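Asker: Residues per chain are reported as follows:
Number of protein chains: 2
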Amino acid sequence: MDTITSTPEYRTILLESGETSCRDFCTGLPDATLADELEPLSAAEIWRVLGYLDLRRRALIFGRLDLERQVELASSIGSEPLVELITAMQADERADLYKILPESIQDSVMPSLAKAEREDIRKLSSYEEGTAGAIMTSDYVAFRPDLTVAEGLAKIRREWSGKETIYYTYVVDEKRHLLGFVSLRNLILAKPSSAMESIMQTDVMFGRVSDDQEKIAQIIALHNLIALPIINGGDTLVGIVTHDNALDVVTEEATEDIMRMASMEAEEQVDSPFYKSVVFRAPWLSVNLLTAIFASFVVSIFQNTLSHYIVLAAMMPIIAGMGGNAGTQALAITVRGIALGDVSLATGRGLIIKEVAAGCVNGILLGLLMGVIAYLWMGNPWLGLIMFLSMAANLMIAGLFGSVIPLTLKALKIDPALGSSIFITTATDVGGFLIFLSLATLMLNRLA
Amino acid sequence: MDTITSTPEYRTILLESGETSCRDFCTGLPDATLADELEPLSAAEIWRVLGYLDLRRRALIFGRLDLERQVELASSIGSEPLVELITAMQADERADLYKILPESIQDSVMPSLAKAEREDIRKLSSYEEGTAGAIMTSDYVAFRPDLTVAEGLAKIRREWSGKETIYYTYVVDEKRHLLGFVSLRNLILAKPSSAMESIMQTDVMFGRVSDDQEKIAQIIALHNLIALPIINGGDTLVGIVTHDNALDVVTEEATEDIMRMASMEAEEQVDSPFYKSVVFRAPWLSVNLLTAIFASFVVSIFQNTLSHYIVLAAMMPIIAGMGGNAGTQALAITVRGIALGDVSLATGRGLIIKEVAAGCVNGILLGLLMGVIAYLWMGNPWLGLIMFLSMAANLMIAGLFGSVIPLTLKALKIDPALGSSIFITTATDVGGFLIFLSLATLMLNRLA
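In order, the protein sequences belong to chains A and B.
For the first sequence, position 359 (counting from the first letter as 1) is numbered 359 according to the working numbering, and the numbering increases by one without interruption.
For the second sequence, position 357 (counting from the first letter as 1) is numbered 357 according to the working numbering, and the numbering increases by one without interruption.
Bound-form chain A, shown alone:
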C-alpha cells in the first residue's frame, strides 16, 4: 500500500465485522491510518475497536487521535482503564493530554499513577507552548559512561518498547549531565567490551528547554538528525526532540506564517466549525476596516480635486492594486527569509535597501508603461506623468514597508507575519493615494 485513503468499507469492517476480523484488520493497518479511520466514529465505537488491541498499541493509537477527541474519550470511561491507558502512552503525548484534561479527571487519575509517571507529567507539562520543552519526550535511552557496549545493547533489547527512538542514545553522569552521544550504528560497529565513554561522541549538539521549537527544528533539519537532546537550566538532560517532531514543527510553523500573513488566526483549519471561522476572522476584518477608513479619509481630503477631474477616481484602483501587490511580494520574501533563518535583524538593513531599490526599478518600468497607457486612454499627457510618478513612488513605499514591517515585528518579538497583509495594504493605499492625489492637485490646471 503506498497511500491509504479512507473508504466507507473501512468503517463497515471496523464496526460491523466480528471481533476477530476487526482485530486482524486493525493489526494490518499502520497506526496513523487506523487513528484516521477512528476519528469520525463515536466515543463508544472507538472504545470498542480500541478494546480489541493490546495495551501498547491501544495507547499508541489513542495518542494519535486529535487532542480534543482524546479528552472526550477520557471523559467517557472509568478512572481505572484510563490510568492503565495513560501509563502506557508515550511521555510527550501523555503530558499533552494531561494538560488539557478537565480538573476533575486530572484529580481522579493523578493519585493512581505511579510516581515516575506523575513526576514525568508534571515536568513535561510545565513548559511553555512553542518551546523545546513542550515538544520533547522523556522516552529516550541514556547510559552511564562506564557501561559496556554489550550491556548497552542488552539494555536497549530490554527497554526499546517504551522508547521513542533507540537509534540515538545519550551518555549521562550520575546527575544526568549530558556527556556524550552514541548512535545505534556506533553501538553495533563497536567492540562489545568497549565502555560507552570510549566510543561516545563528546561534541554533542543539544537544545535547551526554553529554545523556540522552530530553532530546534532548524538544527535537526540542518544536521539531518534523528533526535536532538534537550537540557534544562541546570545542564541536565531532560528529553529529546525527534525528527518527526521537527517535521511537525516545520509544517505547523509554515501554516502559521501563511495564516498570519493573510491576517487569520493560526489555529483555524479547513475543518474548523463554521462559527469559529467567522469568529476568528471578524477581529482581523475589523482592524482592516479601521485602516481602510483611514485610506478613505485620505481620499476624502481630495474631494475637490476629484470632482474637477473624475478620471482620477478610475485611476485610484491601479495605484492601490499595484502597491498592494508589490508590497505583498516584499512581505512574502522577508517573512519567509526570517522563518528560514536567512534574514536577521543584523542583515535586515541590506534587505530593506534591496527591496526599496527593486520597488524603484519595477516602479519606473511599470510606471512608464502605465503612464503611456493612461495618456493614450484618457488623452492627457499630464495624467500619464502623474501615473508614472505615483506608481514609481508607491512601489518604493511597497518595498520599504514590505520589508520594514516584518523586521520591526521581529525586533518587537512579535511574529513577523502577524496581520502583515493588513499593514502593508494600509501603507500602500494611504501612501499611494496621498502621492497620487497630491500630484493631481498640484497639476489640476493641466488635467481638468
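These are computed hints drawn from the structure, not numbers from a lab.
None of the values given here were measured: they were computed from a predicted structure.
A virtual CB, placed ideally from N, CA and C, is assigned to each residue, including glycine.
Please note: incorrect hints may appear among the correct ones.
Heads up, simulated PhoX-like pairs for lysine-lysine below, C-alpha to C-alpha not over 25 Å straight-line [as the list claims (entries may be wrong)]:
(1) 99/B - 215/B
(2) 155/A - 155/B
(3) 155/A - 191/B
(4) 191/A - 191/B
(5) 99/B - 123/B
(6) 163/B - 115/B
(7) 163/A - 175/A
(8) 163/A - 191/B
(9) 215/A - 99/A
(10) 175/A - 155/A
(11) 123/B - 175/B
(12) 99/B - 163/B
(13) 99/A - 115/A
(14) 215/B - 413/B
(15) 155/B - 175/B
(16) 155/B - 191/A
(17) 163/A - 99/A
(18) 163/B - 191/A
Just so you have them, the derived chain A footprint on chain B, three or more residues with Cβ under 8 Å [stated by the list, open to error]:
(19) 152-166
(20) 179-190
(21) 222-235
(22) 243-252
(23) 282-291
(24) 317-323
(25) 359-368
Anything over 12 Å on all C-beta distances counts as not near chain A; from chain B, calculated [unchecked claim]:
(26) 72
(27) 102
(28) 104
(29) 105
(30) 122
(31) 142
Based on the hints, put chain B in the right spot on chain A.
Answerer: Same frame as chain A, but now just chain B:
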C-alpha cells in the same frame, strides 16, 4: 554547542591558521556548519580547506554546498581529483550535481567513473524534478530473504559508511522486487540465526518514482518514518527517501506556497541577486497591472455617477480593501488545506459553501458597522445602505473566489497557490466596484 553562528573568527581560522589547526578545527565542526562557513570563500580557498579532509568527509562537505557553487568548484579542478570526489559523494547529491554540470565536464568525468556509479548517475538523474525519483538516493542497505540476521549485521558493519541510513533496511528478491522491511531495531532484537524473511515486516509502505515529492513527505510525516522505499514501474526497489529529505521537501513546498500566493517566483530567495528580484517580479506585476486596469475600466464606466456624488470615490478603497482582505483569508485557508491534504476536489464543494457563508456573515456584521459609520460620517442614510449591501456582497464574492480559485487551479493540475493573490484581488475589486457603483447609480437621486 547548541547553535553555531558564523563569525569573522571562523574565517580567520579556516584561512590563516596553519594546516594542522585548520584540520583540527574542521574536524570539530558539524558538516552543515563547515559547509556554511566555506560557502562565502573563493573556489581556491575552499579547495585548500577541503584538501585537509579525508576523502569521505571532503565529499560530504562538498555535497552540502550550494549546487551552483559545486559546479563552479568542479570547473576549477582537474578531471582526476573530480572523479575521485564524485565517486565518494552520496548517490543523490552526485546525481543532482551531474545533471547541471556543463557538458564538457560531464564528458570528461563520465568515462573515468566505475560502471556502477555511471549507471547510478544515469538512473537517478533521469527523474523529473519534484518527483520521488528526483529526491531518492540509491545508498540504502538491501538483503536477500535467506540471509541470516548475523550475516545482515556483518554486511551493515562492512557497508555502513557508504549508506545514507542503516536504521531501515529492505529485503529484496533476485530481481530486486521489494519483499519486506527490517529496521536495525528488529535486527538487534532478533536471534542471530533467524533468516531475514522470518523477521521482516511484509506489509511495507512504499512510494513510486513518479509520485509527487509532497505526497512522499506526507507519508513519511504521517507514519513517522526514517525512510520510505521507492519502487519503479516494474515494482523494483530503486531507492529510498529519508526523513531529512522529507523535512527539506516540506520546507521547500511551504516556501513555494508562500511565494506563489504572493505572486512571486518560488526560486527567489532573500539572497537572490538584485537583478533577479527585479526580473522575477516584473512579469507578475505586469499581470497585476492588466487586471488593475480592468478594475479601473469598471470604475470609469461610472464616471457620471461619481461626478454627481464624489463621496463615492472616497468609499471605494473601503469596498476594495475589505474584499481583498476577506478574499486573502479564504485563499490562505484553501491553499494551505490543499497542501496539507485536508481538502481535495471531492470535499472542496463543502469548503466553498462554508467560505461563502462565512463571507456572508462577516459581510453583514461589518457591513452594518460600516453602514452606520458612513451614515454618521457623510450624513446620508442611503450611502450607509449602499455600503452595507456592497460590503456584504463583496465579502461573499471574496469567500467564493478565495476558495474556488485555488480549487480550480488544482483541478487544472496547476499549483493552487500560483499568483492567486492577483486573481482574488481582481475578483473583489471588479465585483466590489461593480456592485457598489451600480447601487449608487440606481439610488443616485437619493445620494446627490
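Asker: Confirm or reject each hint.
Answerer: Evaluated hints:
1. 99/B - 215/B: holds, 24 Å
2. 155/A - 155/B: With a Cα-Cα distance of about 24 Å, the restraint between residue 155/A and residue 155/B holds, given a limit of 25 Å.
3. 155/A - 191/B: holds, 16 Å
4. 191/A - 191/B: holds, 19 Å
5. 99/B - 123/B: With a Cα-Cα distance of about 11 Å, the restraint between residue 99/B and residue 123/B holds, given a limit of 25 Å.
6. 163/B - 115/B: Answer holds: residue 163/B to residue 115/B is near 18 Å, not above 25 Å.
7. 163/A - 175/A: Judged against 25 Å, a Cα distance of about 21 Å means the pair holds.
8. 163/A - 191/B: It holds: about 21 Å lies between the C-alpha atoms, which stays within 25 Å.
9. 215/A - 99/A: holds, 24 Å
10. 175/A - 155/A: holds, 20 Å
11. 123/B - 175/B: holds, 17 Å
12. 99/B - 163/B: Given pair residue 99/B, residue 163/B holds - Cα atoms ~21 Å apart, limit 25 Å.
13. 99/A - 115/A: holds, 17 Å
14. 215/B - 413/B: holds, 15 Å
15. 155/B - 175/B: holds, 20 Å
16. 155/B - 191/A: Roughly 16 Å between the alpha carbons, so the hint for residue 155/B and residue 191/A holds.
17. 163/A - 99/A: Since the Cα atoms of residue 163/A and residue 99/A sit roughly 21 Å apart, the hinted pair holds (cutoff 25 Å).
18. 163/B - 191/A: Since the Cα atoms of residue 163/B and residue 191/A sit roughly 21 Å apart, the hinted pair holds (cutoff 25 Å).
19. 152-166: holds (count 5)
20. 179-190: holds (count 4)
21. 222-235: holds (count 4)
22. 243-252: holds (count 7)
23. 282-291: Coverage by chain A holds for the segment 282-291 of chain B (7 residues, Cβ < 8 Å).
24. 317-323: holds (count 5)
25. 359-368: The restraint on the segment 359-368 of chain B holds, since 4 of its residues have a Cβ under 8 Å from chain A and three suffice.
26. 72: holds, 21 Å
27. 102: Correct as stated: the minimum Cβ-Cβ distance to chain A is 28 Å, above 12 Å.
28. 104: holds, 33 Å
29. 105: holds, 28 Å
30. 122: holds, 25 Å
31. 142: The assertion about residue 142/B holds, with a minimum of 17 Å to chain A.
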